[in-house]
Amino acid sequence: MTSLSSSPSHTGIEAVASQSHVSWLRRFQPSSLLWIVLAVILVLLIIAPVGALVTKSFTDPATGGFTIQNYIDAYGKARHVEALINTLYMGAAVVVLSVLFGVPLAWACTRTDMPFRNIIRVGIFGAFVMPPYLGGVGWILLAGPNSGWINVVWQAITGSTEPLVNVFSFPGLVLVMAINTYFTVFILVSAAFEMINSEMEDAANMLGAGPFTTAMKVTLPLVLPSILGSALLTFLISIALYGVPALISIPARFPVVVIQLTEFFSYPLRVEVAAAYSIPLLLITAGLMALQRKLLARRGFAAVSGKGGERRIVKLGKWRWVVFVYSMFVVLLSVVLPLLVLLMAAFSRSWVGGISLDNLTLQNFRYVLFEHSSSQQALITSLTTGAAAATIAILLALAIAYIVQRRLLPMSGALGFLAMSPFVIPGIVLAIGFYAVYALPPVGLYGTYLILILAFTTRFLPIAYTTGTAGMRAIHPEMEEAVRILGGGRLTAISKVVGPLLKRTLASGWLLIFVPAAQELSTAVFLVGPNTRVVSVVLLDMSEEGLLERLSALGSVLLLIIVGVMAIGVRFLGRDFMLRRT
Amino acid sequence: MLKNVLAAAAFAALLPATALAQSEDFTAYEKPLYEAATAEGEVIWYTSQFTTEMSESACQLFMKRYEGIKCSPVRATGGVTFQRVMQEVQAGAVQGDVFSTNDQSDLLELKKLNALEKFLPQSVEFMSPVLKPMNDDEGYFFVSSVSPYGIAYNTNLVKEEDAPKSWSDLTDPKWKDQVAISHPSFSGSAGLWTLAMKNLFGWEYFEKLNEGNPQIGRSTADGYNLVVSGERKIAVTAIALSRQGEAEGQPVTTVVPSEGLMLPPSGTGVLAGAPHPNAAKLFAEFMLSEEYSVWLRDLKRYPLRAGVDTAEGIEPLDTSKVITVPVTDAVQGLPEVQDKFRDIFGI
Numbered sequence: 001m002t003s004l005s006s007s008p009s010h011t012g013i014e015a016v017a018s019q020s021h022v023s024w025l026r027r028f029q030p031s032s033l034l035w036i037v038l039a040v041i042l043v044l045l046i047i048a049p050v051g052a053l054v055t056k057s058f059t060d061p062a063t064g065g066f067t068i069q070n071y072i073d074a075y076g077k078a079r080h081v082e083a084l085i086n087t088l089y090m091g092a093a094v095v096v097l098s099v100l101f102g103v104p105l106a107w108a109c110t111r112t113d114m115p116f117r118n119i120i121r122v123g124i125f126g127a128f129v130m131p132p133y134l135g136g137v138g139w140i141l142l143a144g145p146n147s148g149w150i151n152v153v154w155q156a157i158t159g160s161t162e163p164l165v166n167v168f169s170f171p172g173l174v175l176v177m178a179i180n181t182y183f184t185v186f187i188l189v190s191a192a193f194e195m196i197n198s199e200m201e202d203a204a205n206m207l208g209a210g211p212f213t214t215a216m217k218v219t220l221p222l223v224l225p226s227i228l229g230s231a232l233l234t235f236l237i238s239i240a241l242y243g244v245p246a247l248i249s250i251p252a253r254f255p256v257v258v259i260q261l262t263e264f265f266s267y268p269l270r271v272e273v274a275a276a277y278s279i280p281l282l283l284i285t286a287g288l289m290a291l292q293r294k295l296l297a298r299r300g301f302a303a304v305s306g307k308g309g310e311r312r313i314v315k316l317g318k319w320r321w322v323v324f325v326y327s328m329f330v331v332l333l334s335v336v337l338p339l340l341v342l343l344m345a346a347f348s349r350s351w352v353g354g355i356s357l358d359n360l361t362l363q364n365f366r367y368v369l370f371e372h373s374s375s376q377q378a379l380i381t382s383l384t385t386g387a388a389a390a391t392i393a394i395l396l397a398l399a400i401a402y403i404v405q406r407r408l409l410p411m412s413g414a415l416g417f418l419a420m421s422p423f424v425i426p427g428i429v430l431a432i433g434f435y436a437v438y439a440l441p442p443v444g445l446y447g448t449y450l451i452l453i454l455a456f457t458t459r460f461l462p463i464a465y466t467t468g469t470a471g472m473r474a475i476h477p478e479m480e481e482a483v484r485i486l487g488g489g490r491l492t493a494i495s496k497v498v499g500p501l502l503k504r505t506l507a508s509g510w511l512l513i514f515v516p517a518a519q520e521l522s523t524a525v526f527l528v529g530p531n532t533r534v535v536s537v538v539l540l541d542m543s544e545e546g547l548l549e550r551l552s553a554l555g556s557v558l559l560l561i562i563v564g565v566m567a568i569g570v571r572f573l574g575r576d577f578m579l580r581r582t
Numbered sequence: 583m584l585k586n587v588l589a590a591a592a593f594a595a596l597l598p599a600t601a602l603a604q605s606e607d608f609t610a611y612e613k614p615l616y617e618a619a620t621a622e623g624e625v626i627w628y629t630s631q632f633t634t635e636m637s638e639s640a641c642q643l644f645m646k647r648y649e650g651i652k653c654s655p656v657r658a659t660g661g662v663t664f665q666r667v668m669q670e671v672q673a674g675a676v677q678g679d680v681f682s683t684n685d686q687s688d689l690l691e692l693k694k695l696n697a698l699e700k701f702l703p704q705s706v707e708f709m710s711p712v713l714k715p716m717n718d719d720e721g722y723f724f725v726s727s728v729s730p731y732g733i734a735y736n737t738n739l740v741k742e743e744d745a746p747k748s749w750s751d752l753t754d755p756k757w758k759d760q761v762a763i764s765h766p767s768f769s770g771s772a773g774l775w776t777l778a779m780k781n782l783f784g785w786e787y788f789e790k791l792n793e794g795n796p797q798i799g800r801s802t803a804d805g806y807n808l809v810v811s812g813e814r815k816i817a818v819t820a821i822a823l824s825r826q827g828e829a830e831g832q833p834v835t836t837v838v839p840s841e842g843l844m845l846p847p848s849g850t851g852v853l854a855g856a857p858h859p860n861a862a863k864l865f866a867e868f869m870l871s872e873e874y875s876v877w878l879r880d881l882k883r884y885p886l887r888a889g890v891d892t893a894e895g896i897e898p899l900d901t902s903k904v905i906t907v908p909v910t911d912a913v914q915g916l917p918e919v920q921d922k923f924r925d926i927f928g929i
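Quick note, the sequences are listed as chains H and P, same order.
With this note's numbering, the residue at position 193 of the first sequence is 193, and numbering never jumps.
Remember, this note's numbering sits 582 above the position in the second sequence when you count from 1.
Treat the hints loosely; a few may be bogus.
What the hints assert, rightly or not - Partial pick of chain P residues on the chain H-facing surface, computed with a CB cut under 10 Å:
no.: 1; residue: Thr620
no.: 2; residue: Glu638
no.: 3; residue: Cys641
no.: 4; residue: Cys653
no.: 5; residue: Arg657
no.: 6; residue: Thr659
no.: 7; residue: Val671
no.: 8; residue: Gln677
no.: 9; residue: Phe783
no.: 10; residue: Ala803
no.: 11; residue: Val810
no.: 12; residue: Asp925
Said to hold, decoys possible - Some chain H residues flagged as far from chain P (calculated, every beta-carbon gap over 10 Å):
no.: 13; residue: Ile41
no.: 14; residue: Pro225
no.: 15; residue: Pro255
no.: 16; residue: Lys315
What the hints contain is simulated information worked out from the structure, not anything from laboratory work.
All values reported here derive from a predicted model rather than from experimental measurement.
Where a beta carbon is used, it is the ideal one built from N, C-alpha and C, also for glycine.
Start from the sequences, fold in the hints, and give me the full structure.
What follows is the structure, encoded as structure tokens:
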């Protein structure tokens, strides 16, 4: 803006120069052209794979004609139905645990005088950076029934021969999932807590309610819609995870949908049956998402507003330490303990060898960095495809958000809806759709970087769009109008005003996508070729053989790089770049 | 081996000095193949027959001999590897060159789909007489490794006299929560083992085994690593792993079950439409070289060539008691076995 007001001559020249530009723009309506381009991109990225999935599920693989046989094959077996029921059951349990972890921590970090709030925040941040399958490996090292660290210590102390905890069980599976997913609850609920003003809480206090009564009776009901919304989101994320079930649910003998899907993808390869099997999952997630929209739309409490109202933190008194211990407990379970054992295993000859100089080695790192032929390449592939997907997704999302927010065209809402829709598509289901449309001839993108980048872009488009919309909302149209009044075209307004103002949104959105995209497993699992293996897939292959020390080493390298990228982001964007958004 | 000295000299003149020493012992057959393969520059090897580490080391050996050709192993379980190859075949975009598996029925399926090149290495003639008959009789794939299944146990946790002696000992209630097996839908050799045990004892065996709550891994190697770490005391696994581990000083040893070792010969075929066809053939040829057999022997595995003896203390295959599953039986029996296994073990 300074350039606009302080150098009128410059603007004047520009205005003259863009005179012809303006008339050209008026005739061609570039925004409608853009609308068409964006719509085509979204159709290719979202409608085509999902459409192919639905079509395939009704297609007879032999004749190409219509059939419902795929559904009979998919659901004609008690075991297959059981896997679906198990998955829903597991998802519900993960939601309960995530809420128990996420909500108190969100409250403690945003609304109370709990000590060391920043340490807790950094810890929770770790849960975002740590991919679920590495958390899973950490917990196998901690709670393997016979040689897991916790059990070894427990048996040494008590003399018991029975294990205390067993990760290869339903509770183990749920815990490992929840230590990753509670982050979503934390972020969304924190955002809601930060928008509440304190007057109602003050009223409750004046009427004699203690801090906990106030929290339960006043604060909690105010954030309930966000809790429910984030709970549904957690449900969607957890039922679609692939890595954790592959590590844990097989030894735990707890069949779930994603494992069953890989069975349809093994021999004989039945893409059609896999498609049919994933349709109910898609319908369930779509139904839940609709429910969530309804719940969030009901958020009509006047107390929850973007601005105004004073917000004070609650003084917990002696309870502040109790709250701190609970928060620390969650951070220990979710980040500190698994990360610690992972690092220890990475530097050990044998992870059961204990802490001693004899057991200390750098060999695992040498192996994964220099001797293992594909992990170096895989690290590069993960980072570049992650970066490419993040870049494409954020640019695409901002373009859509701009059109939707400025209501440039009548049908713009449809674009926004489409951009959000991948939320309901579980990653592995998306991969099957992508495989059906883009891997097979005539497109034939199997095993290319492009198919991975496109699939990752689609998968994380909703995050990009949410960030983009939030960023766009913060820019008042009057600044662009000023440009227009001074004679600049819309493109000038975008490049000189909107673009610079969105830098921060661009960067934080990019990071929010890059981190999960560089670690993505569920979508990659059916789309990688021998030359395009990403780190997550290499780690999965290593986990089959139980090479936990080497897996830990490679996982640590990946984490280190991602933390490095995040650190650069934090330096430029400030520590709270991802905690102050919805 | 036949050496064509003249051609070697002419060829050597074209190569950098570093390659000179190796090029001298190339056979007349090998040489043009090597040249063509060098032009292709790479070979991608889909394999489940070895662990990741062994696959890497086999590739290192290949790259040392055939300088200028990058060898990239892609190691996963038989089930996962086959799934990836099938996806490529279905997509009409074959990206791998050579496919190795412990479950030869996968190779038969690929052959049926015309996804295999009709190719056998020239060196099949030097193969051990026990193994040669197990090659595909129409010349589409050959035996590229032998990793019999036996029992491995942790020597810190189990005394020798207590250790199981037979396959049927594994169902003994005293091993409750202590046995590790692998899943036939993931591991190819586990599929054959399941079929072999079913043939020996019937499904009752697995029902009893299930009462002992075995840990079910995806790969055969997982069971071995569980035993080394002490997470489980006993594993049904490829004895090559436990023999090699014991030689390296790991707390593990091998039991040859009294009913016999379960023998799944690993097979290798060159994929039709491979992006690097000559490199693929050269790699297949390499797998039957003397060098490769010596390497196998040094890792306590069974050599493939007739002229190379087994390592000290390991009984040669022709005198060992082995249980085999004919590949045609495997093709027919495996889907049912995988299904029944899932029913019994609930996963």
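Each hint tested on the structure:
For Thr620(P), the shortest C-beta to C-beta distance to chain H is roughly 18 Å, which exceeds 10 Å, and the interface hint is violated. Below 10 Å, beta-carbon pairs count as interface contacts, and Glu638(P) has one with chain H at about 6 Å; its hint therefore holds. Interface hint at Cys641(P): satisfied, since its Cβ lies 6 Å from the closest Cβ of chain H, which is below the 10 Å cut-off. Because the smallest distance between the Cβ of Cys653(P) and any Cβ of chain H comes to about 8 Å, under 10 Å, the interface hint for this residue holds.
Taken as an interface hint, Arg657(P) checks out: its beta carbon lies about 6 Å from the nearest beta carbon of chain H, inside 10 Å. Evaluation of the Thr659(P) hint against chain H yields a held restraint, the C-beta minimum of about 5 Å falling below 10 Å. Proximity of Val671(P) to chain H holds as hinted, the smallest CB-CB distance being about 9 Å (cut-off 10 Å). Of the supplied interface hints, the one on Gln677(P) holds, with its beta-carbon coming within about 5 Å of a beta-carbon of chain H, less than 10 Å.
The criterion of a C-beta within 10 Å of any C-beta in chain H is not met by Phe783(P), whose closest approach is roughly 22 Å, and the hint is violated. Using the Cβ-Cβ criterion of 10 Å, the hint placing Ala803(P) at the interface with chain H is satisfied: the shortest such distance is roughly 4 Å. Here the hint on Val810(P) is kept, as its CB sits about 7 Å from the closest CB of chain H, short of 10 Å. At about 7 Å, the closest approach between the beta carbon of Asp925(P) and any beta carbon in chain H falls short of 10 Å, and the interface hint on this residue holds.
Non-interface status of Ile41(H) relative to chain P is upheld: no Cβ of that chain comes within 10 Å, the nearest being about 23 Å off. The beta carbon of Pro225(H) is kept farther than 10 Å from every beta carbon of chain P, the shortest such distance being approximately 38 Å. Under the 10 Å C-beta cut-off, the non-interface status given to Pro255(H) relative to chain P is violated; the minimum distance is some 5 Å. Lys315(H), annotated as away from the interface, keeps every beta carbon of chain P farther than 10 Å; the closest lies near 48 Å.
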